[in-house]
Amino acid sequence: MTTIPDDSGSVFTAKNRAAAFFQSWPPGILLALAWLAMCALLVAFAPHVAPYDYLAMDLRARLTPPVFFGGDWAHPLGTDELGRDVLSRLITSVRISLVIAFLSTLIAATLGVSLGFLAAWFRGRVEQVVLMLIDAQAAMPFMIIALAMLAFLGNSLPLLVILMGFYGWERIARIARGLAIAASEQGYATAVRDLGATPWRIYGRHILPNIASTLIVSMTLNFPEVILLESGLSFLGLGVQPPMTSLGNMVGYGRDYIQSAPWIMLAPAAAIVLTTLSISMIGDWLRDRFDPTLR
Amino acid sequence: MTRYFLSRLARAFVTVVLIVSAAFIVLRLSGDPAITILGPEAPPEAYAAFRAAWGLDQPLWNQYLRYFGAVAQGDLGTSMRDGRAALDVVLERVPDTLRITLPALLLNLAIGIPAGIWAALHRNTLIDRAIMTVSVMGFTVPSFVMGLVLALVFAVRLRWLPSGGSDTALHAVLPILTMGLIGAAVIARFTRSAMLETLGQPYIRTASAKGLLWHQVVIRHALPNAAIPTLTIIGFMVGSLVAGAVVVESIFSWPGVGRLLVTAVANRDLAVVQVILLLIGFTMVAANLLVDMAYGWVDPRLRSGHAAKPA
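Protein sequence lines, in the order shown, are assigned to chains B and U. Residue numbering for the first sequence is 1 to 295, as defined by my numbering. Residue numbering for the second sequence is 296 to 606, as defined by my numbering.
Hints listed in this document are in silico derivations from the structure and should not be mistaken for laboratory results. The structure presented is a predicted model; accordingly, all values stated were derived computationally and were not measured. One should not assume that every hint holds.
Said to hold, decoys possible - Facing chain U, a subset of chain B residues (Cβ under 7 Å, in silico):
no., residue
1, L33
2, W35
3, L36
4, M38
5, A40
6, A151
7, Q186
8, G187
To be verified - Counterexamples of contact, computed for chain U against chain B with all Cβ distances above 12 Å:
no., residue
9, V309
10, A347
11, G364
12, A365
13, A450
14, W509
In this text, a Cβ means the ideal position worked out from N, Cα and C, and glycines have one as well.
Taking the hints into account, I'd like the entire structure generated from these sequences.
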């Protein structure tokens, strides 16, 4: 006896499942996630993945074009004016730029959440001071503040990271304050407060986990802007200093060879655009999914 | 109405005081102002004269007040590089910066606002998607990449435009285009969402229901209301234009304030950096004040003092 496979039904559900999958995970988001996953791997394993040392010079192979533009597979993205492998430098640059942006965003989030919570807990005069700081920070273009601080305090990598950490704290503080004030009116916060919990406990163990999703979304939206800021400063020669390299740094040096060797500048430029585009797409997507109030 | 303007004016004044105070604090934090302003190689008697002139032997509070006096009189030290007054060094660059930032701002508005309105009125059509896709680039393509790509295409490949310098009017085209296109993308996005929010309001439905033609609804009811949030963004645009000028002037070797700032930071010419910092701070305050004044003009509710401050 044969059984007739019920394929019409199964095909129908399979198609539905695929459609449902792409509805909740749009192809653009999948591509963005894939690119970021690759970047994350590069950050973790950069020295092992890069074909050459990023500082290794090969003066006989200077300004070799990329592989499909007259170059060869020895240097897939070509070489720069000192014969350094562009791909290896790119991998190292992605690593440095992302690590700086990540640390800085963490600093901004810590600073923003702390000040936002302080304002929400004390209200009154403390809140007025925090709000004034927020307004003052928002009034000046951050690029200018950063340039001035670099001029007055000199340049070093830790200083650069801390400086970038001041970018965007005011937006996170504003959100954290608003959410914390709203949350402290809710039953669970009142309950733990009446049980005699300390402010540390109320804010750290109860309110923070409850508003974390919104804060994480706003951190995600801050991240690409920090990348753009760092690469802008490095492009001007005032951010990450050689011999270290970052994406903006590579574009800055590649600018001198825009006529004879545009790939030196185009490869890191493309990496910057792809990375910031991916993170902002994911940030927007997360926001729409988890927190429509943040628009 | 007078009360509204006076309160804005008072806030602007407080911000100016804050900016000058911040400059004072940063200047003091960075070490002895005599050394930072005059440079490390000045003769000892110059330091002594400087300290006496700026009252650095006085108590801190006294110095703080004197600093305000110095700022008010434009007495802000000399440039380490060429020994001229820092204020003069900066001011002579201002016209060149305005020559590219003002047309860029106009380009922002001329492209961004119509594109945003058009996208909102044709929501979810192909045109809307195209405009929004292009405008995402404004948020993710940094101005130095945009500038270099434009230079690569129009100066290096096509050879239509010069890639650097400021000799002719043609030299201004690429810098203006770089800042103009990026800003237009930002404005288009905000105009679109402001417009969409307005179009969803009950008074739009009422206006259509009472039989007005669609273009009358849009022109008389939607546009004035959508103008308010858009104005806020224009205030912010001034800040991003200033920051953009720093990068764009450096790319195209344009002799404006932005490029001066970059060289001054690289050379640690602190007197010049300080003047530029104060100048930009005052510009931002003035721009925000103008935007606040424009609110009062666009939104009659604010004039009568019935409504809260716009978001």
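Structure-based check of each hint:
1. The beta carbon of L33(B) is not positioned within 7 Å of any beta carbon in chain U (closest approach about 16 Å), and the interface hint is therefore violated.
2. Against a cut-off of 7 Å between C-beta atoms, the interface hint on W35(B) is violated, since the closest Cβ of chain U lies about 12 Å away.
3. At its closest, the beta carbon of L36(B) sits 14 Å from a beta carbon of chain U; the interface hint therefore is violated under the 7 Å criterion.
4. Restraint check, M38(B) versus chain U: the minimum CB separation of about 18 Å is more than 7 Å; hint violated.
5. Hint status for A40(B): violated, given a least beta-carbon distance of 19 Å to chain U, over 7 Å.
6. Hint on A151(B) holds. Least Cβ distance to chain U is approximately 4 Å, under the 7 Å limit.
7. At its closest, the beta carbon of Q186(B) sits 24 Å from a beta carbon of chain U; the interface hint therefore is violated under the 7 Å criterion.
8. A least Cβ separation of about 29 Å between G187(B) and chain U goes past the 7 Å threshold, and the interface hint is therefore violated.
9. V309(U), annotated as away from the interface, has a beta carbon of chain B within 12 Å; the closest lies near 9 Å.
10. At roughly 24 Å, the least C-beta separation between A347(U) and chain B is larger than 12 Å, which holds for a residue marked as non-interface.
11. Every beta carbon of chain B lies more than 12 Å from that of G364(U), the smallest distance being close to 22 Å; the non-interface claim holds.
12. Separation of A365(U) from chain B is adequate, the least Cβ-Cβ distance of about 18 Å exceeding the 12 Å criterion.
13. With a closest Cβ-Cβ approach of about 9 Å to chain B, A450(U) is found to fall inside the 12 Å limit, against its non-interface label.
14. Non-interface status of W509(U) relative to chain B is upheld: no Cβ of that chain comes within 12 Å, the nearest being about 26 Å off.
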